[in-house]
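Trainee: Sequence:
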Amino acid sequence: MFGRSSFAVSCIFSLLLCSGVAANTEIINFISDLQHSVDLSQAVVGNWATLNASHNERRWAVQPAPFGTPLHDVCEADMKSTLASPMKCPHELWITLNLDDTNWKGYRAFTLRLSWAASTPADFLIELYSPETVSTFLAGRQQRQITLPEGAPSFREGPPPITRTKYARIRVVDAGVPTPQIQLDRPNLHLSDRVVEPVHFILILEQLYGGVLPASQLPTICFLISVLLAAAMAVPRLLAYLDPFVLQAREDLSNIASSKKAQ
Numbered sequence: 037m038f039g040r041s042s043f044a045v046s047c048i049f050s051l052l053l054c055s056g057v058a059a060n061t062e063i064i065n066f067i068s069d070l071q072h073s074v075d076l077s078q079a080v081v082g083n084w085a086t087l088n089a090s091h092n093e094r095r096w097a098v099q100p101a102p103f104g105t106p107l108h109d110v111c112e113a114d115m116k117s118t119l120a121s122p123m124k125c126p127h128e129l130w131i132t133l134n135l136d137d138t139n140w141k142g143y144r145a146f147t148l149r150l151s152w153a154a155s156t157p158a159d160f161l162i163e164l165y166s167p168e169t170v171s172t173f174l175a176g177r178q179q180r181q182i183t184l185p186e187g188a189p190s191f192r193e194g195p196p197p198i199t200r201t202k203y204a205r206i207r208v209v210d211a212g213v214p215t216p217q218i219q220l221d222r223p224n225l226h227l228s229d230r231v232v233e234p235v236h237f238i239l240i241l242e243q244l245y246g247g248v249l250p251a252s253q254l255p256t257i258c259f260l261i262s263v264l265l266a267a268a269m270a271v272p273r274l275l276a277y278l279d280p281f282v283l284q285a286r287e288d289l290s291n292i293a294s295s296k297k298a299q
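The sequence shown begins at 37 in our numbering and counts up by one.
Hints may be right or wrong, so weigh each one.
[Unchecked claim] Per label pair, the in silico range of CB-to-CB distance:
{"hint": "1", "residue 1": "E233", "residue 2": "R94", "range": "17 to 27 angstroms"}
{"hint": "2", "residue 1": "R95", "residue 2": "D279", "range": "38 to 48 angstroms"}
{"hint": "3", "residue 1": "H72", "residue 2": "I257", "range": "33 to 43 angstroms"}
{"hint": "4", "residue 1": "T86", "residue 2": "I63", "range": "18 to 28 angstroms"}
{"hint": "5", "residue 1": "G247", "residue 2": "H72", "range": "16 to 26 angstroms"}
[Unchecked claim] List of simulated lysine to aspartate or glutamate pairs, DMTMM-like, C-alpha gap at most 25 angstroms:
{"hint": "6", "residue 1": "K124", "residue 2": "E93"}
{"hint": "7", "residue 1": "K124", "residue 2": "E163"}
{"hint": "8", "residue 1": "K124", "residue 2": "D109"}
{"hint": "9", "residue 1": "K124", "residue 2": "E233"}
{"hint": "10", "residue 1": "K297", "residue 2": "E287"}
{"hint": "11", "residue 1": "K141", "residue 2": "E168"}
{"hint": "12", "residue 1": "K124", "residue 2": "E62"}
{"hint": "13", "residue 1": "K141", "residue 2": "E93"}
{"hint": "14", "residue 1": "K141", "residue 2": "E112"}
{"hint": "15", "residue 1": "K124", "residue 2": "D159"}
{"hint": "16", "residue 1": "K124", "residue 2": "E112"}
Worth flagging that the hints you see were computed from the coordinates, not collected in a lab.
Every value quoted in this text rests on a predicted model; they were computed, and no experiment measured them.
The beta carbon of each residue, even a glycine, is placed where N, CA and C say it ideally should be.
Work out the full structure, taking the sequences as your base and the hints as a guide.
Mentor: Have a look at this one:
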């Protein structure tokens, strides 16, 4: 009796606490290992926004690539950047993930969560880069690679510094199937004439407790645990209080049934 009652109460509370889904979400979990730092061009990465422990959430709006474009092809064609015109593509966003913050020193596992309105038809692709891989990526776009001749002096003495910083590349493509609408002033409206608005989204970077639990979900989990514990303690007392009434009701029903048979 106790186990079934507790389970029922738990289900009720869980249903009450659930809210309707109003957003789509892309999540990428990763481990922040130490790696060698690389001097990147400030003409490029200096313009990238940064997420860290004190500012781990921001909102953006990015213009999606045209409908039907493969996600992995977004911002890949004709993107040969130069120092005078560093990589600029309206369909992508680059973010610096500063994981060297002292408040995050004790955590290795992190999650990057991107959410946008469910009413906005769009597909997102999130990719993470280390300083070395993003340096290679930038060099490929700029079609240049600096190679020091053998025996040339190094610009930095000693081993390169280490860091946990990563870089996130976010690309978006329009995924909507437009609903035909009759417009009196434009009777021959084509799909290519459809105006696609920028996609607004929220990006959150946070640590994972135990490698699985996002920090923002910890208060909710603690609240649910406290509710379940309170329910587990309250149900036995409630049943004990109601038992005499239940027994009395059964006895009354039994007496009524017996009196009807006697008649």
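Trainee: Now look at each hint and say whether the structure bears it out.
Mentor: Each hint tested on the structure:
Our hint of 17 to 27 angstroms for E233 and R94 holds, since their Cβ atoms are close to 19 angstroms apart. Taking 38 to 48 angstroms as the suggested C-beta distance range, the pair R95 and D279 does not conform, at roughly 55 angstroms. For H72 and I257, the Cβ-Cβ distance of about 37 angstroms falls inside the hinted range of 33 to 43 angstroms, so the restraint holds. In this structure the hint that T86 and I63 lie 18 to 28 angstroms apart at CB holds, the actual value being about 20 angstroms.
For the hinted restraint 16 to 26 angstroms between G247 and H72, the CB-CB distance of approximately 24 angstroms keeps it satisfied. Distance hint between K124 and E93 is fulfilled; the C-alpha atoms sit about 23 angstroms from each other, no more than 25 angstroms. With a C-alpha separation of about 17 angstroms, the suggested pair K124 and E163 falls inside the 25 angstroms cut-off, and the hint holds. Pair hint K124 plus D109 holds up; C-alpha atoms about 15 angstroms apart against a cutoff of 25 angstroms.
Restraint check for K124 and E233: the C-alpha separation of about 19 angstroms stays at or below 25 angstroms, so the hint holds. At roughly 15 angstroms between alpha-carbon atoms, K297 and E287 fall within 25 angstroms of each other, so this suggested pair holds. Between K141 and E168, the direct Cα distance comes to roughly 21 angstroms. Compliance with the 25 angstroms bound is thereby established for this hinted pair. Distance hint between K124 and E62 is fulfilled; the C-alpha atoms sit about 23 angstroms from each other, no more than 25 angstroms.
This hinted pair checks out: K141 and E93 have alpha carbons roughly 19 angstroms apart, not beyond 25 angstroms. At roughly 35 angstroms between alpha-carbon atoms, K141 and E112 are farther apart than 25 angstroms, so this suggested pair is violated. Of the supplied pair hints, the one linking K124 and D159 holds, its CA atoms being roughly 20 angstroms apart against a limit of 25 angstroms. At most 25 angstroms may separate the alpha-carbon atoms for a hinted pair to count; K124 and E112 meet this at roughly 11 angstroms.
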